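S.K.: Please build the complex by placing chains B and C on the supplied structure of chain A, with the hints as guidance.
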Amino acid sequence: MNGNLLEIQDLRVLYEVRGAKAPAVDGVDLSLGAGDAVGLAGESGCGKSTLALACLGLLPRNATVEGSMKFEGAEVVGAKPGRLRALRWAGISMVFQGAMNAFNPVKRVGDQVVEAILLHEDVSKKEASGRMRELFEHSGIAPRRAEDYPYEFSGGMRQRVMIAMALACNPPLVIADEPTTALDVMIQAQILNLLAQLREERNIALLIITHDLSVLAQVADRVAVMYAGRIVEEGSAAELLTTPRHPYSRSLVGAFPVIGDPASRGVPTGLPGDPPDPAARPPGCAFHPRCPSAFEPCDRIDPSLKRYGPRLAACHLVDREAEV
Amino acid sequence: MLVLNFFLFRILPGDPERTLTRLQRSSPSTIDAVRKELGLDRPLPVQFIDYLGDTARGELGISYVFTRPVSEVIGNALWPTILLVGVATVGATIIGTLIGIWGAWRRGSAADTTSLGFGLVTYAMPEFWLGMLLILLFAVTLGWFPTSFMSTPGLTDATAGAQLVDTLEHLFLPALTLVLALLGEYALIMRSSVIEAMNEDYVTTARAKGMREALVLRKHVVPNALLPVVTLAALNLGFIVSGAITVETVFSWPGLGQLTFRAINGGPDYPLLQGLFLLFSVAVIFANLAADLLLGLLDPRIGRA
Amino acid sequence: MNAGAARSGRAVRRARRVKALRSSAGLFSRNKMGMAGLAILVVFILMAVFADVLAPEARLSVTNAPGAPLEPPSARFWLGTDELGRSVLDLVIQGSQISLLVGFLATAISMLIGALVGVTAGYFGGWVDVILMRFTDWFLVIPFLPLAIVLAAILGQSLLVIALVIGIVTWPGTARVVRAQVLTLKERPYVERARALGAGKRQIIGRHILPNVFPLIFANTILVVAVAILTEATLSFLGLGDPFSVSWGSILESAFAEGAISLGAWWYLIPPGLCIVLVVLGFTMCGYAFDEILDPRLRKR
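Chains as they are written, first to last, in the working numbering: chain A, 104 to 427; chain B, 39 to 343; chain C, 316 to 616.
Extracted from the complex, chain A is given alone in its bound form (with noise of 0.2 Å):
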């Protein structure tokens, strides 16, 4: 678990509405060496999305990034637009939620893919046409298919063409947004195989975000949990994944029945609520409006990040257990 490719340390990204400032990402520590895959869960709004954006400086105008983010020890946060450009792409990459729409529409998605490589290397056309060929293969998709529109691919052939263009220019990391959502279970299973087989031929780190656990149990090696803009708890995905510590984990673990685990086919118990407006965060924990465990200083006290052995975890309740 060398930190030495990507290191994210008290991110802050605040969004301006209305006059104020809210924070998306409230103070984000996290770190990734190379090979890596650590998976990062949350429900939408919880600022997954943001961090992913952060990481390539493609956050709208009206965003504030605060704190540091460091890719192979150069600082991205501030970073020029040239330096920015250079790194988007060719150092971190990523597959974005619903390919339906990352894909320009009138333009054939072989050519999408080329203008990928032409933009970071020095080869000729032919060149990048050859090596768009292998990326599809390797990512089986008929390679003759790069002629086609992308309206003519169906959702999980898309999803293909996507991560085949993530790895048109070797990025040592691969940002994975919500890779699987919106397809079909079969289709999920052959796209997660073929991340999984990517990652490990070209030793590729990778960041998943999904509100999909049962997409981390089969790929990340550690897990990350995040709500309201923080990181409530992470450790690694085989231990998260079936002792969540966190309530929040907890109730994310519950809602998905695991396959061949009989005792969990009980009914998922839903969570209550939302999560918080981030121009609106409750004061102490701010899960504990919708907590099912919260006590006596949750509603006060902010509880940090602490370390308990391999895990890590911002709870109250989990501080209170560990002291027995």
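Please keep in mind that the hints were generated in silico from the structure rather than gathered at the bench. As the structure is a prediction and not an experimental result, all values here were calculated from the model. No residue lacks a Cβ here, since even glycine has one placed at the ideal position from N, Cα and C. A few of these clues could be false.
Unchecked claim - Part of the chain A face toward chain B, derived, beta carbon under 8 Å:
id	residue
1	189
2	193
3	199
4	205
5	223
6	398
M.R.: What follows is chains B and C alone, placed relative to chain A:
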């Protein structure tokens, strides 16, 4: 459509006869003779079939005002209009689109607001008024350009080069008027189209790939933004035609618009108007078809299985 | 008990509508463009209403004109005189009446037909829709000015004809917009609910669809008035208007016919056109302001 054209003119009870009498206060027998010649005494359905046949053969009747075949009159006026409208449309489309893109790119800036305001104002202006003002300013006061017509009389013997320059001089002000009148709408539509395209996901993808903003604009945003503009531009053709009519009138430009004006005021000259209306409608229909085809070519999503 | 419930139901609806109107008015007053447009319009409407007071008809008599022909502006005639010696300022003020009147009348005709066709086509669907839409599309394709010219040439020269012609030429646009809106509204849950409860067609249209289409029609109306005024000016300029009434377009026609351009009589040419521009701008600005209010997406973030 031919049906309506025909009935539109024939529905008026006895109007052709009224006009005839106005033009020539002749004896009833003469009127009868003319009626017979024009075929007005035959039953309506027969007249219609005659009309269809005549139109197909290009015989559109005799103009009252010019006392010459309508097709000949229209034919003579065709080229000047094509020249004027062609130049103006190309100019307005290009300039308007560029302004629209620029305004959208620098959204919210002073340049954007100014170009928006400019577009609004030119849209509100009657183009013939603009034409008159331009003549007043540039031709009468400053004397830079001729005030009207397509050529200076007496130059038919001059060299082709001199004639060309002369035509261009005459063309400038009317073309400028039309361009200014038309570009507002193009700019406005292109601007909102570009703004919408910039919010699409594939633009984020392009940026994520490390593309510079200008390149993203050129390669991803603009091609997609142009699509709705083509459709809307096609629907705008009615405006172009109406603009041509009034501007030609103001500048005495010897084209179809000027012809329409004279047809109205010198008669009304029904056969000529009928012919002109037919021509205008056909032109617009063709242009709409062309725009549809163009859109089908540009957008790969259309027309494929 | 039923009557009581119904009454309170209606009262509740009315209260809701009043509240909605008030909040829209509030939003509108905060919209700078809309308020500017409204200010312009108020000036011109007042001008039109009080035209007979500000510029009495007597001064516009053709035979007994107060001034010399084509005088440039002076202390006595702020905007100079026309070729007959009448004050251009008087002409312009009087012209506002006709220009605005015809504009409004034409719009009323256009909106009525357009809304009727749109609602009918949208609500009833099926072959009614197809036929009506074919008819509408056909009208949309034909270039509007030639059609207007032809109709005006046939039907004669009067204000009513002009208004009618403009109405005929502009209703298709409204019809399309209205129909699109009705189509989306038709699928909304509350309409289905009303139908399930056994509400008759007239009730559904009257109570659910119309009130929701109305704001759209209203915003559209404003823009149509702008077009109508422009078209009236164009038609009058071309000589198709009522030769005995004064509108801004007819003033420009006279100016052109009398060669005001070559004579450099700018005071004759500029004011009428300027009025047209301002009024059309006024309506357009208001129209855009309404568009922004109705469609939250367009509001500036």
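S.K.: Each hint needs a verdict: does it hold in this structure or not?
M.R.: Hints and how they fare:
no. : hint : in the structure
1   : 189  : 7 Å, holds
2   : 193  : 7 Å, holds
3   : 199  : 6 Å, holds
4   : 205  : 5 Å, holds
5   : 223  : 6 Å, holds
6   : 398  : 43 Å, violated
Violated hint: 6 only; the structure is consistent with all others.
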